[in-house]
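> Chains A and B, in that order, are what the protein sequence lines are.
Start counting the first sequence at 994; every next residue gets the next number (the working numbering).
Start counting the second sequence at 8; every next residue gets the next number (the working numbering).
Hints were generated in silico from the structure; no laboratory data involved.
Mixed in with the good hints, there may be bad ones.
[What the hints assert, rightly or not] SDA-like cross-link-like pairs, simulated, lysine to any residue; straight-line CA separation at most 25 Å:
1. B:K51 / A:K1061
2. B:K51 / A:A1144
3. A:K1141 / B:F30
4. B:K37 / A:A1144
5. A:K1216 / B:E50
6. A:K1201 / B:T19
7. A:K1201 / B:D17
8. B:K51 / A:E1196
9. A:K1058 / B:N38
10. A:K1201 / A:D1166
11. A:K1058 / B:D17
12. A:K1108 / B:T19
13. A:K1061 / B:D17
The chain contents come next:
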Amino acid sequence: MRSQILDVLTRKLEARSALSLSDKSTLLGLPITIRRYEARKDIILEGRHNNQCCIVIDGLLCRYKVIKDGGRQILSLHMPGDIPDLQSIHIDVMDHTVGTISAATVGFIPHSAIKQALQQSYELSRAFWLEVLIETAILRGWTASIGKRSAPARIAHFLCEYITRMRSIGLSDGVTCVMPLTQTEIGDALGLSTVHINKKLRELRRAKLVEIRAGQLRVLNWKELSDRADFDPNYLHLPLLKK
Amino acid sequence: MARFYFDTDDGTAADADDEGVDFPDRESAKNAAHAILAVMIGEKLPISDNIGLRVVVRDEYGRPFYRAGLNLEGAEIPQA
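Given the sequences, and given the hints that come with them, work out the whole structure.
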């Protein structure tokens, strides 16, 4: 049971890094505590000290900050295999909050156990470092999008990225996948109002590019959607999608 | 919370809202109507110096109760 849970992490790291059998057995042997969260619950609060890392087993998590008089900004989305608070190993106090979007199963691994594993193996250490680097690459993608893309292109880009990431971890066939975010949450991620998201999603649906219905995202015309978004997945550094 | 519908017209395309968005009250829905006009005008810039935007807000029964407009009128000043 425990090894099945950590398998989601092992597979993710292995997709980008050459891990030895001993590295894999170290990963699968990490002590982990499993907790189930309902949708829209905080897991780790800004300002708190942390002595463990959380790993997404299933469901969707996000990092966010609340801006005074400005509402909430969602900073990133985290899917199964992600460790949204990996930086807490070295940074003592959380500078943002981690919470659930959908109901989620989350595993907690003590920092001490991760530090010990990373000390034992250069490859493991490299694999974890790479995770952080790619996460910051995605963050750069979001910054560029929020700063410079028009609202319709920004929304199209967000949807392209979401389904591409879901596909890379085997949770989508590239056409459909679960989409638990509400229009308000998509707005919080993109710096747009709910009414605006509502209008632009309707435009995309009427143009037969994409539709979101009953918690499902369905791409109807990838070519046109990714063209409008000017989507180039290079910043996701996905080994499985390399041409 | 109640459902409100925002029908917009930017002079070239009209969008009839068939889904709506939830707001706590009419006042918040009116504020959202002003905000969407501000966003729409941003989307039209800088391609036009003559823009007329309209929004009509309907309540949960589909009855219109508020309308707002935003105009941008630009013109060159004739040189003597």
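> Against this structure, judge whether each hint is valid.
For each hint, the structure was consulted:
1. B:K51 / A:K1061: This hinted pair is violated, its Cα atoms lying about 30 Å apart.
2. B:K51 / A:A1144: holds (12 Å)
3. A:K1141 / B:F30: It is violated: about 29 Å lies between the C-alpha atoms, which goes past 25 Å.
4. B:K37 / A:A1144: holds (21 Å)
5. A:K1216 / B:E50: The hint holds at about 23 Å.
6. A:K1201 / B:T19: holds (20 Å)
7. A:K1201 / B:D17: It holds: about 21 Å lies between the C-alpha atoms, which stays within 25 Å.
8. B:K51 / A:E1196: This hinted pair holds, its Cα atoms lying about 16 Å apart.
9. A:K1058 / B:N38: OK: K1058 of chain A and N38 of chain B at ~23 Å, within 25 Å.
10. A:K1201 / A:D1166: holds (19 Å)
11. A:K1058 / B:D17: Cα-Cα ~34 Å, so violated.
12. A:K1108 / B:T19: Cα-Cα ~60 Å, so violated.
13. A:K1061 / B:D17: violated (32 Å)
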